[in-house]
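K.L.:
What follows is each chain in one-letter form.
Protein chains: 4
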Amino acid sequence: MNTPLFEIDLKVRDYECDAQGIVNNANYQHYYEVARHEFLEHNGLDFYDLHQKGIDLVLISIHVRYMNSLRGGEQFFCTIDSLEKEGIRYIFNQKIIRKSDNKVCSEAKAEVVSVVNGRVSMPAILDESFAKYFQK
Amino acid sequence: MNTPLFEIDLKVRDYECDAQGIVNNANYQHYYEVARHEFLEHNGLDFYDLHQKGIDLVLISIHVRYMNSLRGGEQFFCTIDSLEKEGIRYIFNQKIIRKSDNKVCSEAKAEVVSVVNGRVSMPAILDESFAKYFQK
Amino acid sequence: MNTPLFEIDLKVRDYECDAQGIVNNANYQHYYEVARHEFLEHNGLDFYDLHQKGIDLVLISIHVRYMNSLRGGEQFFCTIDSLEKEGIRYIFNQKIIRKSDNKVCSEAKAEVVSVVNGRVSMPAILDESFAKYFQK
Amino acid sequence: MNTPLFEIDLKVRDYECDAQGIVNNANYQHYYEVARHEFLEHNGLDFYDLHQKGIDLVLISIHVRYMNSLRGGEQFFCTIDSLEKEGIRYIFNQKIIRKSDNKVCSEAKAEVVSVVNGRVSMPAILDESFAKYFQK
Numbered sequence: 004m005n006t007p008l009f010e011i012d013l014k015v016r017d018y019e020c021d022a023q024g025i026v027n028n029a030n031y032q033h034y035y036e037v038a039r040h041e042f043l044e045h046n047g048l049d050f051y052d053l054h055q056k057g058i059d060l061v062l063i064s065i066h067v068r069y070m071n072s073l074r075g076g077e078q079f080f081c082t083i084d085s086l087e088k089e090g091i092r093y094i095f096n097q098k099i100i101r102k103s104d105n106k107v108c109s110e111a112k113a114e115v116v117s118v119v120n121g122r123v124s125m126p127a128i129l130d131e132s133f134a135k136y137f138q139k
Numbered sequence: 004m005n006t007p008l009f010e011i012d013l014k015v016r017d018y019e020c021d022a023q024g025i026v027n028n029a030n031y032q033h034y035y036e037v038a039r040h041e042f043l044e045h046n047g048l049d050f051y052d053l054h055q056k057g058i059d060l061v062l063i064s065i066h067v068r069y070m071n072s073l074r075g076g077e078q079f080f081c082t083i084d085s086l087e088k089e090g091i092r093y094i095f096n097q098k099i100i101r102k103s104d105n106k107v108c109s110e111a112k113a114e115v116v117s118v119v120n121g122r123v124s125m126p127a128i129l130d131e132s133f134a135k136y137f138q139k
Numbered sequence: 004m005n006t007p008l009f010e011i012d013l014k015v016r017d018y019e020c021d022a023q024g025i026v027n028n029a030n031y032q033h034y035y036e037v038a039r040h041e042f043l044e045h046n047g048l049d050f051y052d053l054h055q056k057g058i059d060l061v062l063i064s065i066h067v068r069y070m071n072s073l074r075g076g077e078q079f080f081c082t083i084d085s086l087e088k089e090g091i092r093y094i095f096n097q098k099i100i101r102k103s104d105n106k107v108c109s110e111a112k113a114e115v116v117s118v119v120n121g122r123v124s125m126p127a128i129l130d131e132s133f134a135k136y137f138q139k
Numbered sequence: 004m005n006t007p008l009f010e011i012d013l014k015v016r017d018y019e020c021d022a023q024g025i026v027n028n029a030n031y032q033h034y035y036e037v038a039r040h041e042f043l044e045h046n047g048l049d050f051y052d053l054h055q056k057g058i059d060l061v062l063i064s065i066h067v068r069y070m071n072s073l074r075g076g077e078q079f080f081c082t083i084d085s086l087e088k089e090g091i092r093y094i095f096n097q098k099i100i101r102k103s104d105n106k107v108c109s110e111a112k113a114e115v116v117s118v119v120n121g122r123v124s125m126p127a128i129l130d131e132s133f134a135k136y137f138q139k
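Chains as they are written, first to last, in my numbering: chain A, 4 to 139; chain B, 4 to 139; chain C, 4 to 139; chain D, 4 to 139.
Identical chains share a label here; the pair holds if one copy fits it or two copies do between them.
Here are the simulated SDA-like pairs of lysine to any residue, each with C-alpha atoms no more than 25 Å apart in a straight line: (1) 106 / 117; (2) 112 / 5; (3) 88 / 122; (4) 102 / 40; (5) 112 / 58; (6) 102 / 15; (7) 88 / 71; (8) 112 / 12; (9) 14 / 84; (10) 88 / 52.
Quick caveat, the hints were computed from the structure, so don't treat them as lab data.
Produce the entire structure from the sequences given, and follow the hints as far as they go.
P.N.:
See below:
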């Protein structure tokens, strides 16, 4: 497995589990969002500051695969493995990896566009911040 | 049991349950909030319209008692039994009652203030809308 | 638009919105799950009864597209438009449609398998219940 | 302010905020629960292991006061300031304190009982683990 561009270290909270005793599927999407927002912050971009400047990052599609279930109290990494630019979309490839056995529990491909004052647009501030990550 | 001032009819969603198979405690607070917002709407007050006018209803305290657990798929009423005014606070007395056996699953006392342009205040619009509910 | 196989009628709860004032992306996944569970119940299959019999329906992948944002208080339908069977997978095609303007806000394709006593399997009880829905 | 018995260090996740741009009230209850479960783990008691042994810790009441609002991205401590035993109840006094300005954002008093095989009971394992914390 290649080194991810970025990762955060999380632990399942008991309320995130459902009656089957495992993390409810929708919560993986929360984890992926937290990782993307932390990634922005890591690159000097604050979700709120951007919003104040009229720039909103908007998820237009996400494909999540579930391979292994996380349980209450388990620790895991939520990664951003790579970032691509396709036309007006930024594509984040992400994983959730359980710490105890290094198993990939889930994979996601999230497509994001930036909306500037209500119109899809490519503000220079994002391209400059992300340029170093784009795959050759 | 007296007739409540207002009630809504809900059904537990499976994702609201935790690993013990019962509704997670924090979700009762969600149900109570939904009932209060629907109550506002029922009285011609929209949470968002109020916000646009600079009026925010803010919860300053809530006391929730848990007596019986709700399980996945169960139907229940979330009520507003009475509304009191104490100084600058509106106090909502609420209950969650399971439909199948009419058991009270939870009771709450929520204290709300209205904040107008950043300051605690008593806008006439609320007092007028609520006047008919205040207890003699 | 064809008539869906099944649909439920929901209303956005204010706590489901995030700081952008719109429903948080992960909550759409909650709505889609609620529709699938209600669909099971509609077909005489209870998520919990199945679990007691050792049969768990497990989401293995979901692809969600976001086209229009839902806001606090808005009413919408969450549908199951069609159900397909591909090998061991059941595929639910779903939509979220705003009531006020009939706009499709989101589309999803959810792939589910049934796990019987820990092994992926195809219990007759599901095939029999779903048979009338499979596309020719 | 006295030193708390226990505290955890958290950061607001954007999806925990609602349309007012602040953390939704119910999420404070999630934070308080996370702190109590981490406290158990810190004392060698695992929520799930206990459940397997037929011991469930059940919240019977919580009183939460809201003094200052947390916003997206803010860091805070969630504490357990003291633990009391009153008859069959354990009472956790907790706080949420913003890191940037050390302001108390919320206070809670949570009452918990232990249910052993369906009956309220006082298992020695809890009293032994908690004994060092009880106030003289």
